[in-house]
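Please take these sequences and the hints and turn them into a complete structure.
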Amino acid sequence: MEKTRYAVWFLGTVALAIAVLAAFNALAGAYILNHPAGGSVQTLSGFERALKPIWLEQIQPRLVLVGSSRVRDGFDPALIDPALETRSFNYGVSSMTPYEARRLVQDALAHSSVQQVVVALDAFTGNGGPGEALPSFDETRLAVTPAGDPTPRRPLWLFTTRYLSGGAVGMNALGAWSLAQLKAGQNAADRPDIFTAYSHMTQAVMQKDLSYRSRRTMRIGDGAARELSTMLAAACHARARMALFFPPDNMAIIARYRQSDNAGFDAFKRIARGAVARHNAHCSNKVALFDFMAPNALTRETLRNGSSPDYVDLVHFRPPAGLWLLQQMGIAAN
Amino acid sequence: MPFNSYPYFVFLAVAVLGFRLLEKGAPIGRRVFLLLASYAFYAWWRADFLLLLCGSTLVNYGIGREIERRRARQQDRRALLIAGLAFNLGLIAIFKYDTLLVGTANDLLGVGLPVPHFFLPLAISFFTFEQISYLVDADAGKAHNYSLLDYALFVAYFPHLIAGPIVRHDDLIPQFRSARAAKDDDLATGLTLFTIGLAKKSLIADNLAPFADAIFNAAGRGTHLGPTDSWLGTLFFAFQIYFDFSAYSDMALGSSVMLGIRLPVNFHSPYKSASIIEFWRRWHISLSAFLRDYLYVKLGGNRRGRGRRYLNLFITMLLGGLWHGANWTFMLWGGLHGLYLAINHAFRRATKGRTAPAALRMPLHVASVALTFSATTLAWIVFRSPDLSSARNVIGGLFGGGHSAIVSFSPLAAATLLLLSFIVWLMPNSMELMWRYRPALPSPYAGQSVTPARRLSWQPTRLNAAVYGLICIVAVLALSNLKPFIYFQF
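As you go down the protein sequences, you meet chains E and C in turn. Number 11 in our numbering belongs to position 11 of the first sequence; there are no gaps in the numbering. Residues are numbered in our numbering as their position in the second sequence, beginning at 1, plus a constant of 1000.
In silico DMTMM-like cross-links for lysine to aspartate or glutamate, where the CA-CA straight-line distance does not exceed 25 Å:
#1 C:1483 with E:149
#2 C:1483 with E:139
#3 C:1483 with E:138
Some but not every residue of chain E turned toward chain C, in silico, with C-beta under 8 Å:
#4 9
#5 10
#6 13
#7 132
#8 134
#9 156
#10 166
Read the hints as simulated data drawn from the structure, not as lab findings. No residue lacks a Cβ here, since even glycine has one placed at the ideal position from N, Cα and C.
In structure tokens:
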């Protein structure tokens, strides 16, 4: 075979594949964003780190919810937006590290459309420190650098991520397929087999969770505490308001946290409260703090007829419970 | 501009196209084009440091040419050579070692000097060493009246500029001057080699990095690592740096081959080495050859007795370690390798003339490879750790020091390690796959020639074009997570 023809075949294969993938991402992305239940795709677990910064840019929301899988599962824009007459965005990603949490909040605050940012504080637990993130997290997609400066050449990175990244292919495929399974008039709550954020905790799930999370603690390391303070500092002069909350883990699992590391659990809350108090003492943009990781109507819930109305498992609350939380926090129509 | 980024793909396509369009009718024009492209490549990172690169090039060229002239007239040129070396070492000391030098002086002498924090210019270690070799060679009569254009292109030639290979002027400049047009083979070979490197980087090295980072960062924070964390962190980093540097070398060579220019082989399956001596003939070959020729030999090499030889080896590796960065961990890493090399040479001397029975040769070879890998991996701990106490922490964890559980030894982790071991020890490397088309200049070390791959040997067939094209796409899709090469920081 002639060598020039090798290059032609090689480059042809690459060009064809790129064209197909870019077209797929463009079409699937448009389908998700324009689907009536498209917001529910934000509750899916997949390649959310890759595509959510792009969606944030495209949706230009007023309300942004940041946190780990608790947030990702628990807040469905398709449910929240009509109820609170707002445009919300679920910026939850699984196993979010403290650094990622701070950076995603910085990203949200940098968007002029954003009026309120709500952050679940469990993302600031553990020992993660500056720069620690999971593999698919990429700083170049965020609006600002860690120091708060605009990210250089960001439009280029957003473009390549949106059309040419494996993460986009995966998330678009998952989202489009999930939405395509909904029949006319159905929403995500009708298909908990696909949109698992809407599934109900059963006795078996509860027992499995208690066993799986038997040694789980809820403590904040030095690095995580620093990231929390850095995040608050970013909010000091931001236009958007910020609310933090201790997520409503079920009392059964809170008992395990206390059993495994009672002092660590108390210290977590104390350090977070202290950071917020210090912030509010010297910043005009006050931060609200809500503690749902305590006995309340939600966390004391028990199974009814072997099924939980509000939980997927002991730490993941369902989107209707997420809406209730926002109402408790006073997040109302803007 | 990192090789593993979309802007570089576009840049490379433009550079190759422009170079090929110019190559037939305008031999000087194509060199000018390549020089401007190389400067644009460097300026993409920070345009202001382009002045430093150009200034360093001009000063070294001026000194080198004057040395050549004085040599031709048989005049004394020692002062000029010393001035040139001082200029280069001063530059690197100011930008790279300022914090370490002043900080150490403050610690030892308590003088309280303000610690400067200069921004480290990209590639300074590489272009400085290359120019030192030019000055030394000019003094030895090995440089040949290069034009400023050729010299500047030798320094700035983009495929090697950022992280090597550390090239010699006589490797590259004759190729720039050659009127030879890049062959059609070259485009096909370069594309394939570049793809192999890209796949190693984005599919392997970048996916190992987060796990190794999490464990070494935890060690840096003072977490007492448990054995699982320490072993997995250490092994993941050993494989990460292997694939990262291998990927970089393939992509550098591949980029250059597309332009019809061969760079020296820089990476040749180092974990297949059966001794530390062999390891350094396979790992960062251009650096070890530079250190041998311009430091070890100048220190006296093996000409002044056994003890002095071992001392020279130790000093050479110590400074080679320090070349990697302004941190005592790099120096300790180099010192460890210096010690390994001295032990290795002493062992060779003690066992000279002895041969193992035929039945034992294979098991002994396997044991030697395993021992070499263990020794280099142990040294990688020091190399990767942010400070010495972190390194102690990781090493302590190997022997059951702590109780952390950052990662678990899952079936996936076991399968990953097995797959990586298979690739590293049982697969042919890229040079062996591509041997028919000689994608690199040969190794400067005797006995390190490329063994042709019996199977999987690359041929420019239509099937291979499609297969490597698809591998390229998979690797490109994984690029959503941009990670610089480890050697970019040096």
